[in-house]
Amino acid sequence: MAAPSEVTALLKRGKRSVASLFKGEWSRRNGSPKAFKEFLDYLFDPRRKSIEDVDTIDWCRWIVAGGATFDEFSAAVKQYDNAVTCGLVWTKNFVAYRCRTCGISPCMSLCYECFHSGNHEGHDFNMFRSQAGGACDCGDINVLNKSGFCSRHGPDRKNLNMTPPTDLLAIAEALMPRVILRLIHHFRDNCKPMGSTMVFVDFAAYRDTFSLAMNDAEHFLSFMHSLSDMGAAMRRVMGLALTNTTMYKYLTEVEELPDYSNSYFVESQKNYLVELNSLSVPKGFEDFDNLPGLSQELHHSCLLDELVFWMVKYEFPEKLEAFTKAFVKHYSRISLVLVKGLKRTEIGNRVVHISVQLFSNEGLACQMVQEYNLLYTLIISLTHMIENTLLESSLEGESNRKLHS
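For the sequence shown, position 121 matches number 179 in our numbering, and the numbering has no gaps at all.
Keep in mind that the hints were calculated from the coordinates and are not lab data.
Errors might be hidden in some of the hints.
[Claimed, not checked] Simulated DEER-style distance windows between Cβ atoms:
1) N177 <-> L279: 31 to 37 Å
2) L334 <-> N177: 21 to 27 Å
3) L334 <-> T304: 19 to 25 Å
4) I162 <-> K307: 39 to 45 Å
5) I162 <-> T303: 54 to 60 Å
6) N184 <-> L334: 39 to 45 Å
Every residue, glycine too, gets a C-beta built ideally from N, C-alpha and C.
Could you put the whole structure together from the sequences, leaning on the hints where they help?
Put into structure tokens, the structure is as follows:
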């Protein structure tokens, strides 16, 4: 679709020039200029280009950096990384370390930098290649003794004035919700129901569509990952965008305009609501609807909620408490994915990877048990999974008895 004249004029300028212009306008007006919003509307319009478009991603890198190079911006943001824990995330085949001398949890792991910056001389440790991905636990007192922390992490680290200047992340705060929404639109577009009966013509082919959709989003996700790698200051921006209920409502609850110019976004919301009701629930939960956290009716109130939903729907392609709540809320559906998924072993590895990262934190695990009845959810889900593996016994006189297969 054609770009508005103001956007066309901006596109003729260099990316660095436009990024500097937006940052300058933002500083002078102490808020988002109209031209900035219109430019993002054009840049992230799913009808214009696919999510894998490298030019769009390059625009994002320049805009978030405000006229500096992306590497310069990244270095500036990292100066304000005051995270207690490292949290570096890695994928399959990443080389990491595990120290049994310092570890409280047998599942603990450390990245190369934190391990070699800490004191592990003479300790019982091993280097391993991750099978399903993981995250560095340096600084987390729930899984690692303080003696194993490096100097940059842990509650006793040197805590200097780590508040970034307001103009450093102002553009990122405005850009982040739109970046996440673009990813959500991509997930919605590649998960459209085939007919009103929700019966898919070729279930395996439908799952292949999921895989292709994730491959298409790989570069876009890598860009988001590079933002997260900037440390605590940028992760806070991402966390606020993910959990802002007002912003989610503003971005997703759209009414069709008289000229139908926003019909795509109206239809996208309708398709999402259809998909929201398409995930079945294991039997047994209906008896516990009155208990906190066990009602299986899904109501998404922020971008994070919907992202977790698509994570389950897409069978686990690659603010902790908020994520854990969303994870627990969707767990009953996750158990069905584990039973019915075409690549159950791979999916199981991903579920284990996420579960270990969330529930090795004793305080957080206890909170989920107390506030969201996590144990009930796990037991009911496990019961349903076991029941699906039972076979009628062929033993004489016990025709009604069932045995585990």
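Taking the beta carbons of I162 and K307, is their distance inside 39 to 45 Å? 41 Å, holds
Using the Cβ atoms, figure out if I162 sits within 54 to 60 Å of T303. Violated, since I162 and T303 (Cβ atoms, about 35 Å apart) do not stay within the stated range.
I want to verify a distance hint. Is the separation of the beta carbons of L334 and T304 within 19 to 25 Å? Once the Cβ atoms are compared, 20 Å apart, the range 19 to 25 Å for T304 and L334 holds.
N184 versus L334 beta-carbon gap, inside 39 to 45 Å or not: 44 Å, holds
Assuming the hint says 31 to 37 Å, is it satisfied by the Cβ distance from N177 to L279 or not? Between N177 and L279, where Cβ atoms are some 35 Å apart, the hint holds.
Take a look at whether the Cβ-Cβ distance between L334 and N177 falls inside 21 to 27 Å. This hint is violated: roughly 50 Å between Cβ atoms.
Hints 2 and 5, counting from the list given before, are not met by this structure.
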